[in-house]
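The whole structure should be built from the sequences, with the hints applied where relevant.
If you read the sequences in order, they're chains F and W. Residue 1 is where the first sequence starts when you use the working numbering, and the numbers rise one by one after that. Residue 1001 is where the second sequence starts when you use the working numbering, and the numbers rise one by one after that.
Wrong hints could be hidden among the right ones.
To be verified - Each pair of labels, with its calculated beta carbon distance range:
1. F:Ala127 x W:Ser1098: 20 to 26 Å
2. F:Glu70 x W:Ser1392: 49 to 55 Å
3. W:Ser1236 x F:Gly38: 38 to 44 Å
4. F:Leu187 x W:Thr1287: 54 to 60 Å
5. F:Glu70 x W:Glu1245: 42 to 48 Å
6. W:Leu1593 x F:Lys227: 33 to 39 Å
7. W:Leu1010 x F:Gly38: 51 to 57 Å
8. F:Ser74 x W:Ser1346: 33 to 39 Å
9. F:Gly38 x W:Leu1008: 54 to 60 Å
10. F:Gly37 x W:Pro1385: 33 to 39 Å
Claimed, not checked - Which stretches of chain F does chain W cover? Using the computed rule of at least three CB atoms under 8 Å from a CB of chain W, they are:
11. 88 to 95
12. 106 to 119
13. 147 to 160
14. 246 to 258
Said to hold, decoys possible - Below, computed lysine to any residue pairings styled on SDA-like, alpha-carbon distance capped at 25 Å:
15. F:Lys56 x W:Ala1262
16. F:Lys56 x W:Asn1312
17. W:Lys1464 x F:Phe255
18. F:Lys73 x W:Ala1262
19. F:Lys79 x W:Ala1262
20. W:Lys1210 x F:Ile119
21. W:Lys1525 x F:Lys79
22. W:Lys1525 x F:Arg220
These aren't lab readings, by the way, just hints derived from the structure by calculation. Since we're looking at a predicted model, the values are computed, not measured. We put the CB at the ideal spot given by N, CA and C, even for glycine.
If you want the building blocks of each chain, they are given just below.
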Amino acid sequence: MRIFETANYNFISKRNVGYIISGTLIALSILGIIFKGGLQYGIDFKGGKEFVIEFKSDVVVGDIRSALTETFKSQPEVKNYGSNNTVLIRTDVDQDVNTLKTAINQTLSTKFPDNPGSIEKTDNVTARFSEDLKWSALQAIVASIFTIFFYILIRFRNWRFSAGAVLALMHDVVITLGLFTILNDILPFSLTIDQTIIAAFLTIVGYSLNDTVVVFDRIRENATVHKSMEYSAMINRSINDTLSRTVITSGTTLFVVAVLFIFGGEVLKGFSFALIMGILIGTYSSIFVASSVVVDLAKNKTNHAKS
Amino acid sequence: MKGLGNKLFLVIAFLAIAGYYLQFSVRYWLEERHIATLETEAKETYLRENNEKLESLKDNIVNLGLDLQGGMHVTLELEALSLVKNLATEGTDSTLVSSLASAQSQTITSDVDVVDLFVDAFEAKDANARLSRYFRNDADNITRRSTNDEIRQWLKLQRDNAVTRAIEIIRTRVDRFGVNEPSIVKQGANRVVVELAGISDEERVRNLLKGTARLEFRLTADQEDLRTSLERVIASFDKEINTQEGDSTVTSKENKFLEVFAPQGQSVIFGSAAGPDTAKVNAMINTSEVKKLLPRDVQLLWTAKPAFNGDNGIPYFQLIGVRERVELTGEVIEEARPTFDQFNNSPEVSMAMNKEGARKWGRITGANIGKPIAIVLDNYVYTYPNVQNKISDGRSSITGLSSIKEAEDLVNILLSGALPAPLTIVEERTVGPTLGQQSIEAGYYSVLLGLFIVAIFMIFYYQKSGAIADLALILNIVFIFGVLAAFKATLTLPGIAGIVLTIGMAVDANVLIFDRIREEMFHGKSLLAAIDAGYSNAMSAIFDSNITTFLTGAILYSFGVGPIKGFAVTLMAGIVCSLFSAIVITRMIIDYLVKDKHSKLSIG
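So, in structure tokens, the structure goes:
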């Protein structure tokens, strides 16, 4: 069996359709982020205190919220965490963790004496520390984009390839960020942005690039093999040549990431969701965006750069 | 074939190395299973007899991260500015205090060294001002003539020394506490990361880590003065609210302070507040207006323990009026031990002072008979007993402790020595053992299932070649764990996610090669020629695409912390291993089958 054996789709000539789709998605993402009042940060980048409490049997989130509002003297965020007997409590109360834990335990045992709960996970991140984390996440993203730009420049000796690759992966990250921001609070699991999500983004960057580089590599090769071919036709040929591989690898990777999403537990939900979205968008952008950008950047040149 | 032999040798050598490193983990795992089946007594004997063996195995196993085995991860930060303030031995003035305050407010958003922030803030106020006005140290040659830059360097050096000393002290405390294999490392200029596995009592650890151990003996406020101040402070928060009700104006009184604070004004107790409200109370009373209303050189400090529990079980803490002047510090303590009070059997720490301390203590107690003296540890009042009579043997005790364990920890802190400056917990993550176990299971099933699905797909799509790629994939996973064990890396949940991801991506190299071989055959090449062409033509794509992913992994590693680093490690290890297994192992098997055995290779 072989899919796309004699693939010959006209990706490049229809690249405007791709641009319109991508442009719309990016615009929607940016609008969504603005509409939601910026990126939805998780505890790592926002600071605060989080407690995961596992109860013996199912609980009503609202009851816990009102019970703890009395104790904290301010309303904490309470939501289910994976299952109906586990909740995540988030608060900004400026208090020692020891005192908070004692207060939570005492409140819960008086209010829900028949349903004992135990604190399974505690996270406490101060504002000072979360600012540092935000800063290093930003550095990591910028550093990876620069590294990729220069690596491709060195390997392919053509800045257009670098530009195409970097634009494609910024495209992927912006749309994934937009999806995250818009879908947070809509889906039954948390899609706030924290450190693991940044790790997922960088993986998407690496992954999407993987696809792009495979196409670029074929362009590099075809440029020497099909010297007489028109530049855009040659690029289109290269995308088709690698189409089978692109789809297969994306497929196997999607399989495993879906496994992680379903079986990886609550901690990895957001992370694997980001990867699923990122792989889908990354595969799309490798086919429709990265090479198209190269073609358009090289438009004015009849004789393309020696690659 | 000679090439084949070399490759086979390489593969076997790598497998042997991976196997060597992994056998420790497997043996340790078997031992653990064996131990779990033993009865309590037999277990103890077994552990004692095999201690050395178990320890040496444990040194070489793949470590599980705290998110998998449960435990505590704490990042502490040395309050460098309070160290700077302490170093200003020549006295402080408003310029210095406001420079410190401005540096403090900048630390939240700035990435710059806090000492630089301070010196820059100081110089920004007056370019000609000299830091040598405040700092003097003969041993380090910091004199009146020292330039600001010399002092800047000296302050940084002092800060570095303080962090080093803090790490030593924390290590002593943690060791005395008895934690298995604690990890204590410096991070950045003034942070310390402490990782403790399998902690059951986090509260104790928290207190243990951040306690500066600055023990102070202080006199208390005059009770009459304190009561007058209390009335004035309450009055200062009185506010009249005029509301329009119909035609008439109704005046009601509001007092924000009394909403969160229950005044007492008896003995040296200023009043009490519920635990969650103490921060609000602090914000209200720590203003210069309120400080003016307090008796001169009196400071209000909270009690370390709740005085009583209110409705709902909310703990209430008391605010005690103590003198700012410190009569005696913990440096005079020569000996400390946990004991029980002989009358009511409550736990306490009994301390003995050195000669000079005992002399001073005698003088202080002698002059204050009938009055309370506060014993303050890290700015919390532990106890404020009334002095019955002059104590001349240098004995004293800290009472008001909730358990003998707390007394033990306090002794530990007191004897480990005082920290050069306070440490604050800037980040803390605790995972319970149950959640860790759930994560291990989730990770385990994800790896197996991911492997299974990908393997089935490869056989379905590439047939015999796919099966060969699957074999390489399984060896690949063995290699990844081998690399993790050899480099003593820590396996975290994101790390497992990295392995799962690698399973999906590892077949990529084979997909590239197989697709290329098919393509070459499609163009009319023979199987043998197509294999050669396929491998050599796919190589540059494999190489470039993996290098770029590896580079993002490396960046993630250098910027990430904790579990994220674990992800980066497995991702990088996965890329290297999968390249090896996809290029070397599958090639070897395919060459063997096609060239030596002349068997037909199905590639789908």
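Each hint, compared with the structure:
1. Against the hinted window of 20 to 26 Å, the Cβ-Cβ separation of F:Ala127 and W:Ser1098 comes to about 22 Å, which satisfies the hint.
2. A C-beta distance of roughly 51 Å is found between F:Glu70 and W:Ser1392, which places it inside the suggested range of 49 to 55 Å.
3. Roughly 39 Å separates the CB atoms of W:Ser1236 and F:Gly38, a value that falls within the hinted 38 to 44 Å.
4. Between F:Leu187 and W:Thr1287 the beta carbon distance is about 46 Å. The supplied range of 54 to 60 Å is therefore violated.
5. Judged by the Cβ atoms, the range 42 to 48 Å given for F:Glu70 and W:Glu1245 is violated: they are separated by roughly 30 Å.
6. Taking the beta carbon of each, W:Leu1593 and F:Lys227 are about 37 Å apart, inside 33 to 39 Å as hinted.
7. Taking the beta carbon of each, W:Leu1010 and F:Gly38 are about 53 Å apart, inside 51 to 57 Å as hinted.
8. Restraint check, F:Ser74 to W:Ser1346: a C-beta distance of roughly 35 Å satisfies the suggested window 33 to 39 Å.
9. The given range of 54 to 60 Å is respected by F:Gly38 and W:Leu1008, whose C-beta atoms sit roughly 57 Å from each other.
10. A C-beta distance of roughly 54 Å is found between F:Gly37 and W:Pro1385, which places it outside the suggested range of 33 to 39 Å.
11. Here the segment 88 to 95 of chain F counts 3 residues with a CB under 8 Å from a CB of chain W, which clears the bar of 3, and the coverage holds.
12. By the rule of at least three residues with a Cβ nearer than 8 Å to a Cβ of chain W, the coverage given for the segment 106 to 119 of chain F holds, with 6 such residues.
13. Here the segment 147 to 160 of chain F counts 5 residues with a CB under 8 Å from a CB of chain W, which clears the bar of 3, and the coverage holds.
14. For the segment 246 to 258 of chain F, the stated coverage by chain W is satisfied: 9 residues place a CB nearer than 8 Å to a CB of that chain, which reaches the threshold of 3.
15. Proposed proximity of F:Lys56 and W:Ala1262 is contradicted: the alpha carbons are some 37 Å apart, above 25 Å.
16. Only pairs whose Cα atoms come within 25 Å are accepted, and F:Lys56 paired with W:Asn1312 is accepted, the gap being roughly 21 Å.
17. Distance restraint check for W:Lys1464 and F:Phe255: the Cα-Cα separation of roughly 21 Å lies within the 25 Å cut-off, and the hinted pair is therefore satisfied.
18. Restraint check: the Cα-Cα separation between F:Lys73 and W:Ala1262 comes to about 16 Å, which is no more than 25 Å; the hinted pair holds.
19. Using a Cα cut-off of 25 Å, the hinted pair F:Lys79 and W:Ala1262 is violated, with the two alpha carbons roughly 34 Å apart.
20. Restraint check: the Cα-Cα separation between W:Lys1210 and F:Ile119 comes to about 22 Å, which is no more than 25 Å; the hinted pair holds.
21. Straight-line distance between C-alpha atoms of W:Lys1525 and F:Lys79 comes to about 61 Å, which puts the hinted pair past the 25 Å bound.
22. For the hint pairing W:Lys1525 with F:Arg220, the CA-to-CA distance comes to about 22 Å; that is within 25 Å, so the pair holds.
Hints 4, 5, 10, 15, 19 and 21 from the list above are not met by this structure, while the remaining hints are.
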